[in-house]
Amino acid sequence: MTPLQLIIEREYLARVKKKSFILLTILMPFLFVGIALVPAFLSMVKDSGEKTIAVIDKTGLYTTELQSSQNYRFISVDPDSPLVSYMMKLDTDYFGILDISGDLSQEPKAVSFLSEKQPPLDLLSMIENRLSEKVKNQKLEGLAHSGSADSAAIAQVLAVIDSKSNNISVSTLRKDKEGEMKESSTIVASIVGGVFTFLIYMFIMAYGAMVMQAVVEEKKNRIVEVMVSTVRPVNLLVGKIIGVGLVGMTQLIIWGILIGGLMSVATVFTAAPVLPASGAEAMIGGADSFDPAQTIAILSGINWLEIILLFFVYFIGGYMMYASLFAAIGAAVDNDQDTQQFMMPITFIILFAFYAGLYSIQNPDGPLAFWCSLFPLSSPIVMMVRLPFGVPLWEKLLSLALLFAAFLLMAWLAAKIYRVGILMYGKKPTLKEMIRWIKYK
Amino acid sequence: MYYLQTKDIVKQYAAHRALDGVSIDVPKASVFGLLGPNGAGKTTLIRIITRITAPDSGCVILDGRTMDKNDVYKIGYLPEERGLYKKMKVGEHALFFARLRGMDRAQAQAEIDKWFQKFEMTDWYGKKVEELSKGMQQKVQFIATVIHNPDLLIFDEPFSGFDPVNSELLKTEILKLKAEGKTIILSTHNMESVESICDNITLINRSKAVLQGSVAEIRNSHKSGIFRLKLQADTFIPPADAPFVLLSSAPFGDGLDVRIRKNVDISPAELIRCVLQTTEILSFEEEMPSMNDIFIETVKTPLPV
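Protein chains in written order, with numbering that gives the first Met the number 0: chain V, 0 to 440; chain G, 0 to 304.
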């Protein structure tokens, strides 16, 4: 084993074997799933107000399909009046407008939903279910009228029943304050983006700080001089960063597996008719509107492979870059208190990136999201928000190239500062002195 | 044959010149004392020898050739400021250091068992470092320094924190290493241990090597002609024209203990003759200057500009 491998091994094992790590890694997913499920249950219970949805059905085919439920009332309105006249009444008379402009069995995209607020998932899934059912029937009827039901026709019927083209997906449109219409994301995409952004932010902060702590600890402990007499400081630095990073990855992967497992268990649990029909049904109101199968269908529409792959790539780049910075800080100071002053600007940048990410959820293609997903100090965090909505390839490549270039630069600078800093005790260095360290032989 | 030499090492830190043309010659299989007041540049020199930092100019020669980066495995360095990973187990820690210095696991394990037995600490093998006393930790550090059987050993203040028993144990081990043919550099402020184990020294003061040579030679050349005599007498009053000066006298048993400084132009034999004229002498010895005195005297002398 080379010294670098030995250091990585030590850093990794020292952390992974800790009781606190094991506990946190195993317990957190349960907490996560708990937190995720409680609002889902609550959403089944609340929502007493009835929402009115205006249905503009230019074909006249679908109005009858949309039966009002406990929570939603569908009213058919005159399809010949201009759309704008209904939009005036949004949020006062109507919660939303369902605009069906053509025969959905021919043009599956001829339907859109307009609202001022983000439409609830259960409403969309209910509309989509009913329209899909109708389209399926339409197609089957069309087939029936085409001629006798020979074996070929039966095969066609089966194909129609299985076909995904029956699935009507309502594109949601949102009217913002300026009255401008923008196509809004589905909630799921936002949630997925938000979750990954938060994860990357949390891990960069937590594990970056862990690297810094480890450097300060080694310096305070005075073990560092023994170490650098055998290994090159840059190996010690890189070994530490990689070792701690692998700990982070281990935790992420275990969390991913556990949360995935728990979620599917929870989904099965909520989907099964656990509550006896009678009183309980009334209590939880539109329980049928929380359709886990539907959610899963939406979730499976997202390009998970790409997101997860890029998540790890951005995590590695972002973590290594910030960890290098944190390590340089740790090397420059003698004790934990002194780290505060140097950490401030970095914390500020990461927080900025985090908030930029949060705002980008609402506008994943706006200038803020665009520039922040290219700028290397914020790109790992902000890009995560944009990925579920689709990002052009060149932007991804440019963003990654910039990130890894920045990481190499930071690592180089950090190695220079680290090498000198770890052997300096006493006075806290000024920024000017740290810059001079970079020039030392 | 010198095992280690440094040639005109210069190291500048911003406005401060830490080393200014320092050359040392360390003979093979000897104990070499690196002395000097705090801040003189000893640690910087050691860091250059251990390749922790690079000199601005000058070079380090190991075993007859310029040192390269693989030579760090031939060095065992025990820094003055030393620590251990507190959460690691003692045995794992020693193993980690041994492997870091290029030993394979089995080989390292065998060496560790040997040293742990020698230092009577096999019971401590599975304990965490933070559970050890300071002296125990020092032992682990010492083992970590010598575990890979290096040819050059550098100990910076190795005795600090050790009780007299363990200090003695350490001294014995250092002399054993020397007998095995290892070269040892000892940086210390403990002048007594310099006298007892060092063969040669270099004294660094204000970034320069100001005094170099073998301990015996240096002590000889710093003799100041002071003699200690035990006399069979109640009082001792030297005659006015005596070729010596009486420094002190104190009663000792039924005799007198005196210190005198002879004039430079007479020999010790003449001094004895002179004293014998009036008093019986019970014992007579020349007072060798201690390394402590030499250290203080040298450091206090202003440098020639």
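In case anyone wonders, no lab produced these hints; they're calculated from the structure.
Careful, some of the hints might be misleading.
Derived pair list, reagent style DSBU-like, types lysine-lysine, alpha-carbon separation capped at 35 Å [to be verified]:
#1 LYS207/G <-> LYS219/V
#2 LYS438/V <-> LYS117/G
#3 LYS415/V <-> LYS113/G
#4 LYS85/G <-> LYS177/G
#5 LYS27/G <-> LYS113/G
#6 LYS207/G <-> LYS431/V
#7 LYS17/V <-> LYS170/G
#8 LYS175/G <-> LYS415/V
#9 LYS415/V <-> LYS68/G
#10 LYS17/V <-> LYS88/G
#11 LYS219/V <-> LYS229/G
#12 LYS138/V <-> LYS57/V
#13 LYS27/G <-> LYS426/V
#14 LYS113/G <-> LYS426/V
#15 LYS415/V <-> LYS116/V
#16 LYS126/G <-> LYS85/G
#17 LYS177/G <-> LYS16/V
#18 LYS116/V <-> LYS88/V
#19 LYS222/G <-> LYS219/V
#20 LYS68/G <-> LYS138/V
Keep in mind it's a predicted model, so treat the numbers as computed, not measured.
Hint check results:
1. Proximity of LYS207/G to LYS219/V is assessed by CA-CA distance (about 30 Å); at most 35 Å being required, the pair is judged to hold.
2. Note on LYS438/V and LYS117/G: the hinted pairing is violated, with a Cα-Cα distance of about 46 Å set against a maximum of 35 Å.
3. With a CA separation close to 39 Å, the supplied pair LYS415/V and LYS113/G exceeds the 35 Å bound.
4. The straight-line distance between the Cα atoms of LYS85/G and LYS177/G is roughly 31 Å, inside the 35 Å bound, and the hint therefore holds.
5. Restraint check for LYS27/G and LYS113/G: satisfied, since their Cα atoms lie roughly 25 Å apart, inside the 35 Å limit.
6. Taken as a hint, the LYS207/G and LYS431/V pair is honoured in the structure, with Cα atoms around 29 Å apart against an allowance of 35 Å.
7. Restraint check for LYS17/V and LYS170/G: the C-alpha separation of about 38 Å exceeds 35 Å, so the hint is violated.
8. Distance check on the hinted pair: LYS175/G and LYS415/V sit about 40 Å apart at the alpha-carbon level, beyond 35 Å; violated.
9. A threshold of 35 Å between alpha carbons decides the hint, and for LYS415/V with LYS68/G the separation of about 18 Å falls inside it, so the pair holds.
10. A C-alpha spacing of about 13 Å is found between LYS17/V and LYS88/G, which places the hinted pair at or below 35 Å, so the restraint holds.
11. Restraint check for LYS219/V and LYS229/G: not satisfied, since their Cα atoms lie roughly 54 Å apart, outside the 35 Å limit.
12. Restraint check for LYS138/V and LYS57/V: satisfied, since their Cα atoms lie roughly 19 Å apart, inside the 35 Å limit.
13. Note on LYS27/G and LYS426/V: the hinted pairing is violated, with a Cα-Cα distance of about 39 Å set against a maximum of 35 Å.
14. Taken as a hint, the LYS113/G and LYS426/V pair is broken in the structure, with Cα atoms around 42 Å apart against an allowance of 35 Å.
15. Between the alpha carbons of LYS415/V and LYS116/V the distance comes to roughly 52 Å, so the proposed pair goes past 35 Å and is violated.
16. For the suggested pair LYS126/G and LYS85/G, the alpha carbons sit about 11 Å apart, so the restraint of at most 35 Å is met.
17. About 41 Å separates the Cα atoms of LYS177/G and LYS16/V, which puts this hinted pair outside 35 Å; it is violated.
18. Of the supplied pair hints, the one linking LYS116/V and LYS88/V holds, its CA atoms being roughly 13 Å apart against a limit of 35 Å.
19. With a C-alpha separation of about 44 Å, the suggested pair LYS222/G and LYS219/V falls outside the 35 Å cut-off, and the hint is violated.
20. Proximity of LYS68/G to LYS138/V is assessed by CA-CA distance (about 78 Å); at most 35 Å being required, the pair is judged violated.
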